Structures are given as structure tokens and as C-alpha cells.
Amino acid sequence: MKIHAPLAAETIFHLGPIPVTNSMLTSALVVILLLVMAWLVTRKMQLIPGRYQAMWEMVVEFLLDLSVDTAGKKVGRIVFPLIATFFIFILTANWMGLLPGIGPSIYVEVAEAAEHGTEIVRVPLFRAANADLNMTAAMALLSITVVQIAGVAVNGVKGYVKHLASPILLTPVHIVSELSHIISLAARLFGNIFGGEVLVTVMYSLVPVVVPAVFLGLEVLFGFIQALIFSVLSIVYIALATAGGHEENGEPAHAAAH
Amino acid sequence: MDKLGINPVALLWQLIAFSLLVFGLYKLLYKPVLRMLDERAERIRKGMEDAAKARELAERAQEEFEKRIAEARKEGQEIVAQATQMSEKLRQEILEQARAEAERMIAKERERLTQEREQAMSELRAQVADLSILVAQKIVGVSLDEAAQRKLIADFLREAGDLK
Numbered sequence: 000m001k002i003h004a005p006l007a008a009e010t011i012f013h014l015g016p017i018p019v020t021n022s023m024l025t026s027a028l029v030v031i032l033l034l035v036m037a038w039l040v041t042r043k044m045q046l047i048p049g050r051y052q053a054m055w056e057m058v059v060e061f062l063l064d065l066s067v068d069t070a071g072k073k074v075g076r077i078v079f080p081l082i083a084t085f086f087i088f089i090l091t092a093n094w095m096g097l098l099p100g101i102g103p104s105i106y107v108e109v110a111e112a113a114e115h116g117t118e119i120v121r122v123p124l125f126r127a128a129n130a131d132l133n134m135t136a137a138m139a140l141l142s143i144t145v146v147q148i149a150g151v152a153v154n155g156v157k158g159y160v161k162h163l164a165s166p167i168l169l170t171p172v173h174i175v176s177e178l179s180h181i182i183s184l185a186a187r188l189f190g191n192i193f194g195g196e197v198l199v200t201v202m203y204s205l206v207p208v209v210v211p212a213v214f215l216g217l218e219v220l221f222g223f224i225q226a227l228i229f230s231v232l233s234i235v236y237i238a239l240a241t242a243g244g245h246e247e248n249g250e251p252a253h254a255a256a257h
Numbered sequence: 000m001d002k003l004g005i006n007p008v009a010l011l012w013q014l015i016a017f018s019l020l021v022f023g024l025y026k027l028l029y030k031p032v033l034r035m036l037d038e039r040a041e042r043i044r045k046g047m048e049d050a051a052k053a054r055e056l057a058e059r060a061q062e063e064f065e066k067r068i069a070e071a072r073k074e075g076q077e078i079v080a081q082a083t084q085m086s087e088k089l090r091q092e093i094l095e096q097a098r099a100e101a102e103r104m105i106a107k108e109r110e111r112l113t114q115e116r117e118q119a120m121s122e123l124r125a126q127v128a129d130l131s132i133l134v135a136q137k138i139v140g141v142s143l144d145e146a147a148q149r150k151l152i153a154d155f156l157r158e159a160g161d162l163k
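Heads up: the sequence lines are chains A and B, in that order.
Numbering that gives the first Met the number 0 numbers the first residue of the first sequence as 0 and each following residue consecutively.
Numbering that gives the first Met the number 0 numbers the first residue of the second sequence as 0 and each following residue consecutively.
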């Protein structure tokens, strides 16, 4: 039996010049779903919350505490929307990827360019959003860009450059390290989710009952862990990039000595 | 890159979708929820403050109440004591008055009795004199003139009175 599990997301249709892939569809779906859910919570907020509102308040408060505890009150509060959205989006996308209908269950037939003309292939209509490197790379790029911006904003351009070039000889190492953060964030999330999807698919084809359920349960756990890791690492990188400023503000004499 | 499926269009699409979500959730979720959390915290803080204030107020009112009660009790006791004292005084006065009245009446009565007795005595004395003259006339058979007799009897009676 041949299991078809391409690394790349498949194009479903073209929206003007844009080739829309199945993972782009899913991520759009997740975005719309989350916006609707958020609108439902805050449409009529109650001082005495219902269960739905209380759950979201708990989530928001947990993520705010995570940001503020790690990066300090000022920076933490500013980057909190980004960190919280990382967590909420990744978690929702991961868990939605486990639902029937997403992943290799609903297929559409599309024409694909092949060596000799076009070829009709069956591809899943929806693909877990984080099983596409474009999605995870986009978030990782955003995360590390914000890290650099935060570093400049808190330490100033001079402080940022000094941070990157101390000692001078290690400057390339620092730059590579920053860039590697993008790759590690993107690849880790993609690898876990894509790998999990492949694993579940393989299990379905080997033992169609009971066993896949066990792996689906594990995927629920992994989906949560990956969401947490991505947001925690992002806030930690931000905290590291902005920590120097706090030290310098705290010890002006020490800064002047350099 | 192509093998991994990375292409700029998809990357940009996902970046825009995600940024849209960040913005949307900020507007629709984080801001209102945090505002609500702050508002609730503020309400609770205020509620607790109010409760403390109310308790303090109640305690003060209780104290005031107890003070008033104590004052009223003291006042009542004073009034009762005063009334008792006054009634005692009144009783004494009435008693005194009654006693004085009684004494006055007794004295008056005694005086009247004395007067009556004296009157009776003087009457008796006159009668005794008359009777004596009569008896003497009967015995002696002669009559002295009345004036001399009377003098005699008066002398006698005086003597008798002196003797007594």
C-alpha cells in the first residue's frame, strides 16, 4: 500500500493569480472561526461571567500572565497580543487538524501540471494549517522580527548593535543564531504537526480501529504542547532581547564605564 | 525550498491571515476581556472597601447606641431616685403637718376644757356660797346682812383654797 504524504501543501484552485492551497483554506477557516468566537464572547460581556466568557477570560489571563511574567510588565503587555495569538491560533489550528474532514479524509480532484501535460490528482480539501511550512515560517518570521524590533525599541539602535556584536568576533554567530531561531521555530512546529498527521494516517492504514484513536489522543496533547512551546519561546526571545536595557537602566555607572 | 512547499505567495497569505487574526483578536478579545478583568478587579476592591466602611459604621452606630442606652438608664435611675426622695420629703412634710395639726387641736381642746372647768368651778363656787348662806341661815336662824355673809364665805373659801 502506498501512502501519499507530500511535504508541500497542494493547490486546490486559483483565486485570480493566487494559487490557493488546502492549508491556506484551513488557516483562513481558523482565523474566521476564532474571530467569530471572540466576537461571541465580547459581544455582550457580563461582569458576572457565564461559563463561555469565564473560559476565555481564563485563557486571556493565563497568556497575559505568561507574557508579563517572562518579559516584564511593560514589554510583556505590549507583545501580549502577539504571544496570545500565537498560542490560540496554533492550538486551534492543531486541534482542528485532528477533526474528521481536515487532513486526508475529504478529497477533491484537481488538475496538476505533470511531465506530460496535466494530470488529475486527488488531494485533501483541507490540510492542517501548521502542516504547511509557509504557515509556521510566516509566524516564525513575525516572531523573530518582533524580537529584533523589541530589542531596538528597548535598548536603542546602539544597544541593539552592541548586544549583537559583543564580542566583535562572535557577531556572525549572533546573527546566525537569530536566523536559526526562525528555522527552529518554524521547523519544530511544522515537523511535529506534519509528522503527527503522517503517523495517524499510517496507523489508520495499518490498524483502522482503536489504535489510531490512541495516537489522536497523543496528537491532542502534542498540539497543545507545540502551541505552548512556540509562544513561550517567542516571549523568552523577546525577554532576552529586551533584558539588556533593564540592566543598563538599572546601572548607569556600569554602562558608562564601557 | 520548492520541495518543502515554501513559496512567497503562500507565505504572504499566511502572514496576512495571521496578522489579521492578531489585530482582530486584539480588538475583539484581548482589549474587552482585559478591560472587563480590570473593571471586575476594581469593583471587587471597591466592594471590599465599602464593606469595611459599612462595618466600621455599624460598629460606631452600635457603640453610640450602647452609650445612649447607658445614658438613658442612668437618667432613668436618677429620675426614680429623685422621685423617691421627693415623695419621702413630701411624706415627711405631710406627717409633720398632720402631727402639728393634731397637737394644735389637742392644745386647743385642752384649753377649752380648762376654760370650761374654770367656768364650772367659778359657778360651783358661787353656788356653794349661796348654799352655804342658806344652810347657815337655817342653822343660825339669824341672818346676817348679805354682804357680810358673802365676805365671810369668800374669806373662808380663800382660806380653804390656800389650805389646799
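Do not rely on the hints blindly, as some may be mistaken.
Computed cross-link-like contacts, SDA-like style, restricted to lysine to any residue with a CA-CA straight-line distance of at most 25 Å [as the list claims (entries may be wrong)]:
#, chain 1, residue 1, chain 2, residue 2
1, B, Lys45, A, Gln45
2, A, Lys73, A, Ala238
3, B, Lys45, A, Glu60
4, B, Lys2, A, Ala238
5, B, Lys26, A, Leu46
6, A, Lys73, B, Asp37
7, B, Lys2, A, Ala7
8, B, Lys26, A, His180
9, B, Lys2, A, His180
10, B, Lys26, A, Glu118
11, B, Lys2, A, Leu46
12, B, Lys30, A, Ile47
13, A, Lys72, B, Glu38
14, B, Lys2, A, Glu118
15, B, Lys26, A, Ala164
16, B, Lys30, A, Val35
17, A, Lys72, B, Lys2
18, B, Lys2, A, Glu60
19, B, Lys2, A, Gly190
20, B, Lys30, A, Arg50
21, B, Lys30, A, Trp38
Only part of the chain A face toward chain B is listed, based on derived beta-carbon distances under 8 Å [claimed, not checked]:
#, residue
22, Leu24
23, Trp38
24, Leu46
25, Thr84
Partial chain A-side listing against chain B, Cβ under 10 Å, derived [claimed, not checked]:
#, residue
26, Pro5
27, Glu9
28, Val19
29, Ala27
30, Ala37
31, Val40
32, Thr41
33, Ile47
34, Gln52
35, Trp55
36, Val59
37, Leu124
38, Ala128
39, Asp131
40, Gly158
Since the hints were made in silico from the structure, they are not lab data.
Here the structure is a predicted model, which means the values were calculated and not measured.
We treat Cβ as the ideally placed atom computed from N, Cα and C, and that holds for glycine.
The hints, checked one at a time:
A threshold of 25 Å between alpha carbons decides the hint, and for B/Lys45 with A/Gln45 the separation of about 18 Å falls inside it, so the pair holds. Only pairs whose Cα atoms come within 25 Å are accepted, and A/Lys73 paired with A/Ala238 is accepted, the gap being roughly 11 Å. With a C-alpha separation of about 21 Å, the suggested pairing of B/Lys45 with A/Glu60 holds against the 25 Å cut-off. Between B/Lys2 and A/Ala238, the direct Cα distance comes to roughly 35 Å. Violation of the 25 Å bound is thereby established for this hinted pair.
As the CA atoms of B/Lys26 and A/Leu46 are separated by approximately 19 Å, the hinted pair is consistent with the 25 Å bound. For the proposed pair A/Lys73 and B/Asp37, the alpha carbon gap of about 17 Å is at most 25 Å, so the pair holds. Restraint check: the Cα-Cα separation between B/Lys2 and A/Ala7 comes to about 7 Å, which is no more than 25 Å; the hinted pair holds. For the hint pairing B/Lys26 with A/His180, the CA-to-CA distance comes to about 29 Å; that exceeds 25 Å, so the pair is violated.
Of the supplied pair hints, the one linking B/Lys2 and A/His180 holds, its CA atoms being roughly 21 Å apart against a limit of 25 Å. Under the criterion of a C-alpha separation no larger than 25 Å, the hint pairing B/Lys26 with A/Glu118 is inconsistent with the structure, at around 45 Å. Distance hint between B/Lys2 and A/Leu46 is unfulfilled; the C-alpha atoms sit about 52 Å from each other, more than 25 Å. Under the criterion of a C-alpha separation no larger than 25 Å, the hint pairing B/Lys30 with A/Ile47 is consistent with the structure, at around 18 Å.
Of the pairs offered as hints, the one joining A/Lys72 and B/Glu38 holds, with about 19 Å between alpha carbons and a cut-off of 25 Å not exceeded. Restraint check: the Cα-Cα separation between B/Lys2 and A/Glu118 comes to about 19 Å, which is no more than 25 Å; the hinted pair holds. Distance check on the hinted pair: B/Lys26 and A/Ala164 sit about 38 Å apart at the alpha-carbon level, beyond 25 Å; violated. Distance hint between B/Lys30 and A/Val35 is fulfilled; the C-alpha atoms sit about 16 Å from each other, no more than 25 Å.
For a cut-off of 25 Å, the pair hint linking A/Lys72 to B/Lys2 is broken: about 43 Å separates their Cα positions. A distance of roughly 41 Å separates the Cα atoms of B/Lys2 and A/Glu60; the hinted pair therefore is violated under the 25 Å criterion. Between B/Lys2 and A/Gly190 the CA atoms are separated by roughly 14 Å; this keeps the pair inside 25 Å, and the hint holds. The straight-line distance between the Cα atoms of B/Lys30 and A/Arg50 is roughly 19 Å, inside the 25 Å bound, and the hint therefore holds.
The hinted pair formed by B/Lys30 and A/Trp38 meets the criterion: a straight-line CA distance of about 12 Å does not exceed 25 Å. Because the beta carbon of A/Leu24 sits about 10 Å from the nearest beta carbon in chain B, more than 8 Å, this interface hint is broken. Taken as an interface hint, A/Trp38 checks out: its beta carbon lies about 5 Å from the nearest beta carbon of chain B, inside 8 Å. Nearest Cβ of chain B to the Cβ of A/Leu46: about 6 Å, under the 8 Å cut. The hint holds.
With 8 Å as the threshold, the beta carbon of A/Thr84 comes within range of chain B, its nearest partner Cβ sitting at about 4 Å, so the hint holds. Hint status for A/Pro5 relative to chain B: holds, with the closest Cβ pair at about 8 Å, below 10 Å. Because the beta carbon of A/Glu9 sits about 9 Å from the nearest beta carbon in chain B, less than 10 Å, this interface hint is met. Taking 10 Å as the C-beta cut-off, the interface hint given for A/Val19 holds, the closest approach to chain B being about 8 Å.
Contact between A/Ala27 and chain B, as hinted, is supported at the beta carbon level, the nearest pair being about 6 Å apart and thus within 10 Å. At a threshold of 10 Å, the smallest CB-CB gap from A/Ala37 to chain B is about 4 Å, leaving the interface hint in force. Taking 10 Å as the C-beta cut-off, the interface hint given for A/Val40 holds, the closest approach to chain B being about 7 Å. This hint holds: A/Thr41 has a C-beta 4 Å from the nearest C-beta of chain B, less than the 10 Å allowed.
With a least beta-carbon distance of about 9 Å to chain B, the hint placing A/Ile47 at the interface is held under the 10 Å criterion. This hint holds: A/Gln52 has a C-beta 8 Å from the nearest C-beta of chain B, less than the 10 Å allowed. Interface restraint check: A/Trp55 against chain B, minimum CB-CB distance 6 Å, threshold 10 Å, status holds. For A/Val59, the interface hint holds, since its Cβ comes within 10 Å of a Cβ in chain B; the closest pair sits about 4 Å apart.
The interface hint given for A/Leu124 is broken, as the beta carbon of that residue sits about 16 Å from the closest beta carbon of chain B, more than 10 Å. Contact between A/Ala128 and chain B, as hinted, is supported at the beta carbon level, the nearest pair being about 8 Å apart and thus within 10 Å. The restraint placing A/Asp131 at the interface with chain B holds, with a minimum CB-CB distance near 6 Å, inside the 10 Å limit. A hinted interface residue such as A/Gly158 counts as satisfied when its beta carbon comes closer than 10 Å to some beta carbon of chain B; here the least separation is about 27 Å, so the hint is violated.
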